[in-house]
Amino acid sequence: MKKKYSAIILAIVLVTVLVLAACGGGGGGSDAPAPTPAPAAGGGGGGGGGGGDLVEKGYQAGMAKDVITIRGVRPQTGGGAIFEQTAFGPQYKMWADMINAEGGLYVKSLDRQVLVDIQTYDDGSDMERTTQLFEQIVASEKPDLIIGPESTARLFACAPIAQRYGYMLLAAEGGAKELENQFEDIRRDYGQVNTFAILSYSETQVPALVKLIDELGVDSVYCAYINDLHGIEYWGATEAALREIGVEIKGSEPVDPDDPQADTVINNAKASGATAFLGYMYPGQSIPLTQAAIRLDYSPDMYLLGPGLCYDFFPVFAFGDHSQQSVTGIMGWGAWNEKSSASAREYSEMFKNYWIGKGEFWLNADGTPNPDGTVFQDWWGHVPYYAAMQILQQAVENAGELNEDGMINNETLITYLNSGATFNTYMHPELRFTNNILMDDMYLGNVGQWQNGVFEVIDADHRRTADPIFPKPPWPADLAN
Amino acid sequence: MDTFLLILINGCAMGSVYALMAMGLSTQYGVARILNISHGEFIVLAAFITFVVHTRTGIHPLICLLIACPLVFAISFLLHITLFKRVKKISPNMGVFEGNAILVSFGIYFIVQNMIQSSMGSAPHSFPFMMYPYTVGGVNIAASSVFVMVIAAIICVAYSVFLSQTRLGKSIRAAAQDPQAASLLGVKINRIMAICFGIGGLLAACAGVLITMREPFSSVSGIGYTTIAIIIVVLGGLGSVKGAILGGFIMGIAGYAISTFVDSVFMISAFYMIIMVLLVVRPKGLMGR
Amino acid sequence: MELVKKVFWETKAAKIQALAILAAFVFMMFIPSFSGAYPPLFLAWVMTYCTLSISWTFFSGKTGYISLATAAFYGLGMYLQAVIGREFPLGVTILLAALLAFGVGFGIGLITLRLRGIYFTIFTFGLALFLNRFFHWYEGVFTRTKGRFVKTFDNDMVFYAVLIVFIVTLVAILLMNKSRFGLSLTCIGQNEDSAQHIGVNTTLTKVLAFAISAAPAGAVGAAMISTVGYVDPDLAFRMLASFFPVLMAIFGGMFSTYGPIVGAVIFYVLQDYLLRTTNLYMVIFGTVMVVVVLVLPKGIFGLIDSMIAKKQRGYSGEVIGDV
Numbered sequence: 077m078k079k080k081y082s083a084i085i086l087a088i089v090l091v092t093v094l095v096l097a098a099c100g101g102g103g104g105g106s107d108a109p110a111p112t113p114a115p116a117a118g119g120g121g122g123g124g125g126g127g128g129d130l131v132e133k134g135y136q137a138g139m140a141k142d143v144i145t146i147r148g149v150r151p152q153t154g155g156g157a158i159f160e161q162t163a164f165g166p167q168y169k170m171w172a173d174m175i176n177a178e179g180g181l182y183v184k185s186l187d188r189q190v191l192v193d194i195q196t197y198d199d200g201s202d203m204e205r206t207t208q209l210f211e212q213i214v215a216s217e218k219p220d221l222i223i224g225p226e227s228t229a230r231l232f233a234c235a236p237i238a239q240r241y242g243y244m245l246l247a248a249e250g251g252a253k254e255l256e257n258q259f260e261d262i263r264r265d266y267g268q269v270n271t272f273a274i275l276s277y278s279e280t281q282v283p284a285l286v287k288l289i290d291e292l293g294v295d296s297v298y299c300a301y302i303n304d305l306h307g308i309e310y311w312g313a314t315e316a317a318l319r320e321i322g323v324e325i326k327g328s329e330p331v332d333p334d335d336p337q338a339d340t341v342i343n344n345a346k347a348s349g350a351t352a353f354l355g356y357m358y359p360g361q362s363i364p365l366t367q368a369a370i371r372l373d374y375s376p377d378m379y380l381l382g383p384g385l386c387y388d389f390f391p392v393f394a395f396g397d398h399s400q401q402s403v404t405g406i407m408g409w410g411a412w413n414e415k416s417s418a419s420a421r422e423y424s425e426m427f428k429n430y431w432i433g434k435g436e437f438w439l440n441a442d443g444t445p446n447p448d449g450t451v452f453q454d455w456w457g458h459v460p461y462y463a464a465m466q467i468l469q470q471a472v473e474n475a476g477e478l479n480e481d482g483m484i485n486n487e488t489l490i491t492y493l494n495s496g497a498t499f500n501t502y503m504h505p506e507l508r509f510t511n512n513i514l515m516d517d518m519y520l521g522n523v524g525q526w527q528n529g530v531f532e533v534i535d536a537d538h539r540r541t542a543d544p545i546f547p548k549p550p551w552p553a554d555l556a557n
Numbered sequence: 104m105d106t107f108l109l110i111l112i113n114g115c116a117m118g119s120v121y122a123l124m125a126m127g128l129s130t131q132y133g134v135a136r137i138l139n140i141s142h143g144e145f146i147v148l149a150a151f152i153t154f155v156v157h158t159r160t161g162i163h164p165l166i167c168l169l170i171a172c173p174l175v176f177a178i179s180f181l182l183h184i185t186l187f188k189r190v191k192k193i194s195p196n197m198g199v200f201e202g203n204a205i206l207v208s209f210g211i212y213f214i215v216q217n218m219i220q221s222s223m224g225s226a227p228h229s230f231p232f233m234m235y236p237y238t239v240g241g242v243n244i245a246a247s248s249v250f251v252m253v254i255a256a257i258i259c260v261a262y263s264v265f266l267s268q269t270r271l272g273k274s275i276r277a278a279a280q281d282p283q284a285a286s287l288l289g290v291k292i293n294r295i296m297a298i299c300f301g302i303g304g305l306l307a308a309c310a311g312v313l314i315t316m317r318e319p320f321s322s323v324s325g326i327g328y329t330t331i332a333i334i335i336v337v338l339g340g341l342g343s344v345k346g347a348i349l350g351g352f353i354m355g356i357a358g359y360a361i362s363t364f365v366d367s368v369f370m371i372s373a374f375y376m377i378i379m380v381l382l383v384v385r386p387k388g389l390m391g392r
Numbered sequence: 006m007e008l009v010k011k012v013f014w015e016t017k018a019a020k021i022q023a024l025a026i027l028a029a030f031v032f033m034m035f036i037p038s039f040s041g042a043y044p045p046l047f048l049a050w051v052m053t054y055c056t057l058s059i060s061w062t063f064f065s066g067k068t069g070y071i072s073l074a075t076a077a078f079y080g081l082g083m084y085l086q087a088v089i090g091r092e093f094p095l096g097v098t099i100l101l102a103a104l105l106a107f108g109v110g111f112g113i114g115l116i117t118l119r120l121r122g123i124y125f126t127i128f129t130f131g132l133a134l135f136l137n138r139f140f141h142w143y144e145g146v147f148t149r150t151k152g153r154f155v156k157t158f159d160n161d162m163v164f165y166a167v168l169i170v171f172i173v174t175l176v177a178i179l180l181m182n183k184s185r186f187g188l189s190l191t192c193i194g195q196n197e198d199s200a201q202h203i204g205v206n207t208t209l210t211k212v213l214a215f216a217i218s219a220a221p222a223g224a225v226g227a228a229m230i231s232t233v234g235y236v237d238p239d240l241a242f243r244m245l246a247s248f249f250p251v252l253m254a255i256f257g258g259m260f261s262t263y264g265p266i267v268g269a270v271i272f273y274v275l276q277d278y279l280l281r282t283t284n285l286y287m288v289i290f291g292t293v294m295v296v297v298v299l300v301l302p303k304g305i306f307g308l309i310d311s312m313i314a315k316k317q318r319g320y321s322g323e324v325i326g327d328v
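Chains as they are written, first to last, in the working numbering: chain A, 77 to 557; chain B, 104 to 392; chain C, 6 to 328.
Treat the hints as calculated values from the structure; they're not laboratory data. Possibly wrong hints are sitting among the right ones.
Here are the simulated lysine-lysine pairs, DSSO-like style, with alpha carbons at most 27 Å apart [as the list claims (entries may be wrong)]:
| no. | chain 1 | residue 1 | chain 2 | residue 2 |
| --- | --- | --- | --- | --- |
| 1 | A | Lys-253 | C | Lys-156 |
| 2 | B | Lys-188 | B | Lys-291 |
| 3 | C | Lys-156 | B | Lys-188 |
Since the model is a prediction, treat every value here as computed from it, not as a measurement.
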């Protein structure tokens with residue numbers, strides 16, 4: 077009879093070993109950066125991967141704190157991978173590389189620079205995995221610092237986890253009105269909020285658009301919005317604000333993210349006869365919609381699209397157009413450009429110089445990825461995303477200290493950020509958080525418009541870099557072949 | 104009246120592409136008994152081939168059919184004679200085989216999608232093609248849609264003729280109706296299955312090439328195509344090519360009608376509802392045996 | 006009672022089985038007291054997939070009707086927690102979620118289990134996708150949002166909840182396997198027509214079994230979403246949650262109740278490892294999937310078993326806890 081159990085026993089052993097390995101070893105670096113001051117203890121390894129040679133360097137210098145570990149969960153495969161490839165991904169990679177080239181991140185209490193080891197885990201674009209891996213990082217691996225997850229939904233899920241484990245979370249992509257409510261709840265329970273939202277959302281952008289609509293004298297609008305957090309929130313806010321100033325709403329319809337039914341939407345919009353068309357949606361919907369608009373000869377006086385338009389590569393993906401003439405006159409959210417300020421220009425040049433020749437994503441003339449291809453900017457998010465890394469850096473420089481485990485004390489950083497400290501960033505020389513979000517005057521602009529290859533800021537205030545083109549010029553004839 | 108004309112023409116234009124997608128899946132299931140979850144990935148593969156060839160060399164996207172179709176046919180054919188033949192060998196009966204085949208094709212879906220994504224990124228891709236309206240009966244429709252519809256219709260007719268007129272086509276039909284009897288009559292059943300799986304891939308490639316001319320696509324859009332194709336195949340009757348064509352057009356028109364009169368967001372939910380009711384009332388589908 | 010005695014007491018094998026489950030349960034109960042904060046969460050996820058996988062195997066492994074509706078029941082449990090989680094304690098929501106999943110499973114079973122295998126598979130595949138689209142539409146048009154916040158609970162508490170659901174499911178399945186009900190289910194899988202001839206009410210048995218296999222999925226969904234804290238249709242109703250239990254079961258070996266558990270553990274740990282170390286996760290995963298079906302039709306458990314069988318002659322091929 078013995079043989080019957082052998083299989084079960086073997087299986088049980090296998091299962092136990094695996095689970096223990098995953099739980100214990102999953103942390104990797106959890107037990108490695110020992111608090112012991114002795115230099116010999118430093119060789120423990122800072123969480124696998126690229127940490128090895130950095131640890132080595134630190135060790136040779138005979139330092140106790142030899143590396144600052146920064147971890148995050150980012151989608152490297154699946155549907156969300158495009159954000160990691162084009163939005164926040166290039167920023168934190170560039171920042172880490174540059175700071176290590178300068179000798180590392182300065183820590184206040186140590187009064188010296190420490191090399192940075194930044195590493196992210198793939199969640200396969202599966203949100204269930206995001207939270208599990210995120211909690212694994214903050215609870216088990218316990219790095220010095222963490223970076224923000226991709227998308228607003230993931231931010232909703234990760235912010236409470238960061239709060240529970242006392243980590244400072246500087247969000248990158250993601251921002252929503254709903255986030256303010258979540259922050260309120262957290263503040264009620266914990267006294268202070270550990271998450272800081274960087275990217276602008278409807279709160280600042282919709283009023284700017286409404287002001288612009290008022291200035292241009294647009295009398296009626298038609299809106300197609302993606303049936304998603306973004307579209308619903310933006311249209312809800314816009315609808316209310318437009319009613320207030322008496323602009324006629326000729327119609328609105330939600331659009332399915334996977335199947336936008338572009339021809340129908342454009343036909344409906346055309347039939348409504350509205351002066352302005354607002355397309356609150358992502359490139360997956362706005363590109364087919366714009367193609368349909370051209371094919372069906374629909375060219376309203378004002379044509380606005382959602383996130384994605386602000387990328388240099390939008391016309392390339394939408395029409396295979398590298399001259400960027402085809403998008404002239406289209407408005408979208410953003411916005412900043414090289415004319416916004418001297419520091420914005422400096423950032424833009426730095427970004428281009430850094431990524432030229434080394435991007436994993438940058439494109440050939442035909443749109444295929446090529447490390448040697450053109451470097452493309454995101455004229456909405458790139459400056460705020462990089463500001464997130466600058467804030468992280470300056471917080472550690474000005475308030476960084478080690479806790480009893482020899483790790484960066486996140487508590488002091490959070491208190492520092494919440495105390496109204498200002499940060500010198502490319503986005504704003506005195507950037508400051510108000511209730512964990514940024515006020516409108518921190519941004520370089522809210523609404524942009526493509527004009528001859530430049531994404532001009534057209535907010536109706538001092539941030540404007542060019543006068544809006546209104547009405548929008550007709551679609552270029554040479555697109556039709 | 105204009106609204107109805109718009110729905111009819113646009114619906115048919117969309118439906119013709121749906122029909123192509125579904126015909127491939129139907130052929131694969133009808134003979135080889137594989138419900139191919141990776142079907143959409145081959146559509147995307149062909150679309151990317153077209154995209155790269157067209158943007159680099161400037162030749163007409165339609166000519167890319169000559170490149171994409173043989174290539175995807177060969178890949179599918181090889182997949183069958185290497186993987187699925189073995190799956191069939193290790194499966195004790197047809198029911199188990201169908202289950203295993205779904206899982207293997209799901210694995211292929213993972214692999215192909217990731218390979219396309221790592222080489223092409225995840226952004227939507229498209230190129231300008233016939234960017235002007237075509238006026239018919241007083242309404243404007245996209246010229247590219249009409250062009251695609253005509254080509255798709257030609258392919259559908261050509262495939263039907265192939266099935267009913269050629270020797271190979273007749274053996275495929277025989278194998279679909281009764282594999283055992285067909286093999287008794289001298290049809291090499293394994294060879295026919297592999298060819299059918301290949302033809303399924305070929306039709307997917309046709310759909311992929313045509314899709315580039317009417318809408319943007321990305322490396323992750325494949326699974327959406329697969330689900331639409333599955334819905335249509337079930338509507339038309341599993342394994343029935345005529346059913347797939349009919350189902351494609353019905354769904355195309357229904358989709359436009361729903362998105363015009365109800366909500367475009369509700370369209371896919373409505374498709375599933377139609378299919379679920381149909382499965383309960385008439386599991387064989389419209390044209391199933 | 007007879008049944009409990011038969012499964013957990015009568016033979017030496019049964020006693021060992023009972024003891025092993027009890028020991029595992031007691032050991033697991035103490036894990037949170039000495040581990041850190043993270044291991045209970047990780048174990049809860051592992052047990053979630055173990056539960057999904059064994060409950061899937063209970064129905065589909067036996068009858069041969071491949072169900073891809075796991076994600077639907079799992080997601081419904083999540084949404085129930087999101088909607089009523091703030092008013093009730095966790096235990097009650099989990100129970101209600103199990104009931105909801107049972108009810109929906111019963112209804113779906115009634116209308117679909119007359120269908121032939123492949124149609125049933127397609128219907129259930131469509132069900133999860135339909136719910137995804139439907140919730141998108143409903144939330145967008147009526148509640149004017151996409152996702153909902155979910156009340157979060159302590160990791161340890163969720164761990165205990167999932168542990169209990171898992172053990173209850175396991176024990177229930179072991180008992181049912183030896184009961185008249187389980188045997189008639191196996192009969193149906195072998196030959197539905199002859200099962201009918203010997204007096205099995207095939208439709209009722211199938212429908213009931215499908216509903217029973219749905220209940221644990223709803224329960225773990227309700228428990229686990231409270232560690233995420235946020236739910237939207239794409240998280241709740243995703244195809245992977247339908248396919249993973251199937252693959253885990255095949256990977257581990259479907260002919261034994263313990264096979265899917267082994268499969269789920271290896272699968273989840275492997276996935277966790279791949280995600281943290283490579284960005285070729287999907288390629289490797291897809292390859293594993295294909296290779297498993299081709300090379301290990303009886304799963305890891307079957308592999309170990311046949312290795313042992315080779316060494317010992319006269320082996321009957323029988324294992325405890327067999328289906």
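Regarding the pair Lys-188 of chain B and Lys-291 of chain B, is the alpha-carbon distance no greater than 27 Å?
holds, 13 Å
Just to be careful, I want the Cα atoms of Lys-253 of chain A and Lys-156 of chain C compared with a cutoff of 27 Å; is the pair within it?
holds, 19 Å
Is the hinted pair Lys-156 of chain C and Lys-188 of chain B satisfied, with a Cα-Cα distance of at most 27 Å?
This hinted pair is violated, its Cα atoms lying about 50 Å apart.
The structure is inconsistent with hint 3 alone, although it conforms to all the rest.
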